[in-house]
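Novice: Line order of the protein sequences matches chains A and B.
Per UniProt numbering, the first sequence starts with residue 1, numbered consecutively.
Per UniProt numbering, the second sequence starts with residue 1, numbered consecutively.
Some hints could be false.
Stated by the list, open to error - With a straight-line cut-off of 35 Å between C-alpha atoms, the simulated DSBU-like cross-links for lysine-lysine are:
1. Lys45(A) with Lys157(B)
2. Lys77(B) with Lys30(A)
3. Lys45(A) with Lys30(A)
4. Lys77(B) with Lys26(A)
5. Lys45(A) with Lys26(A)
6. Lys95(A) with Lys77(B)
7. Lys77(B) with Lys32(A)
8. Lys95(A) with Lys157(B)
9. Lys157(B) with Lys26(A)
Keep in mind the hints are simulated off the structure, nothing from the lab.
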Amino acid sequence: MFRQIQALQVLARRSIGSSAMRQSNKVPNKQKMFQEDNGMPIHLKGGSSDALLYRGTMVLTVLETFCVEFACSPRVCEQQRRANRRDIFSFRVKKELVTSSTSW
Amino acid sequence: MAHQAHAYHMVDPSPWPLTGAVAALLMTSGLAMWFHYNTTTLMILGTILLLLTMYQWWRDIVREGTYQGHHTPPVQKGLRYGMILFITSEVFFFLGFFWAFFHSSLAPTPEIGGCWPPTGITPLDPFGVPLLNTAVLLASGVTVTWAHHSIMEGERKQAIQSLALTILLGGYFTFLQAMEYYEAPFTIADSVYGSTFFVATGFHGLHVIIGTTFLAVCLLRQINYHFTVEHHFGFEAAAWYWHFVDVVWLFLYISIYWWGS
């Protein structure tokens with residue numbers, strides 16, 4: 001029993017530590033890449049994936065700025081309020097019908 | 001490339017403060033839309049933008065410090081002051097909720113039965129899961145200190161193991177607390193007891209999740225050789241935050257769980 005527990009401990013330690021320990025040191029390569037004098041700002045210096053993520057974020061930012069103006073406008077809010085009142089009304093009517101039918 | 005004649009960091013222009021501000025606008029207006037008009041679209045969009053902003057902003061700070069060498073000793077000093085001031089502001093945030101708790105519990109009104117806990121409230125047993133939670137967080141304080149000493153001594157394997165253990169303990173606390181919330185015999189709507197209990201412990205739980213995430217990022221950085229024996233401020237900031245979360249729990253346990261029962 002004790003030997004089995006010991007074996008389990010060794011296995012757990014190996015699986016937690018092994019893939020992390022096998023990682024090679026890529027910091028010098030990254031340092032060379034990010035210290036290159038190419039005039040790129042830090043948020044775009046990592047390559048094309050940076051540009052893709054930046055563009056996606058900016059598109060979302062602009063869209064959302066317009067979204068707020070539209071969604072919080074008085075006309076849309078009034079429409080939403082009416083739709084909610086309709087839902088609450090139809091729920092109450094259904095509840096009345098159910099309770100009145102069961103009271104017999 | 002022009003060379004600077006000082007040790008300070010003149011940051012590149014960045015779009016992330018703007019995207020963060022728009023995300024905050026959407027999250028707050030989205031919260032109002034959810035409460036009043038039952039629609040979560042705005043809030044979800046705001047949260048996505050916030051996550052994108054946080055990822056890219058902090059990625060850039062890691063690049064500036066680890067890859068470009070901008071975090072010189074004077075810059076690090078500024079970062080340390082910044083983290084200390086931020087944690088101090090969080091202390092004041094929690095002080096407010098403790099004030100609310102003591103305001104209601106030291107002089108309980110007739111409406112709640114003139115006693116604390118109020119009439120009809122069954123408080124949680126402080127010597128059950130809450131005591132286990134205390135042990136878990138105290139143990140995590142030990143493991144995070146072990147991780148720090150390992151980093152300072154250049155013990156890579158031990159640093160990774162102790163940091164991973166700290167994160168596991170943080171996850172275990174969150175799991176146990178979630179179970180307690182599910183099984184609790186009272187809700188947030190159950191008088192001022194429920195309000196003070198769930199708001200104070202709820203915000204604490206959120207901070208545990210934030211702290212665990214911070215430590216997880218540090219684990220990834222440690223695995224990728226970002227931290228050196230002399231320079232590992234990102235980890236130190238995470239460890240300070242974790243100790244703060246631990247201390248807040250101790251105050252919560254003593255005052256709300258133990259004295260408050």
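Novice: Determine for every hint whether it applies to the structure shown.
Specialist: Hints versus structure:
no. : hint                    : verdict
1   : Lys45(A) with Lys157(B) : 31 Å, holds
2   : Lys77(B) with Lys30(A)  : 25 Å, holds
3   : Lys45(A) with Lys30(A)  : 11 Å, holds
4   : Lys77(B) with Lys26(A)  : 27 Å, holds
5   : Lys45(A) with Lys26(A)  : 16 Å, holds
6   : Lys95(A) with Lys77(B)  : 65 Å, violated
7   : Lys77(B) with Lys32(A)  : 26 Å, holds
8   : Lys95(A) with Lys157(B) : 64 Å, violated
9   : Lys157(B) with Lys26(A) : 17 Å, holds
When the structure is compared with the earlier hints, violations turn up for hints 6, 8 and for no others.
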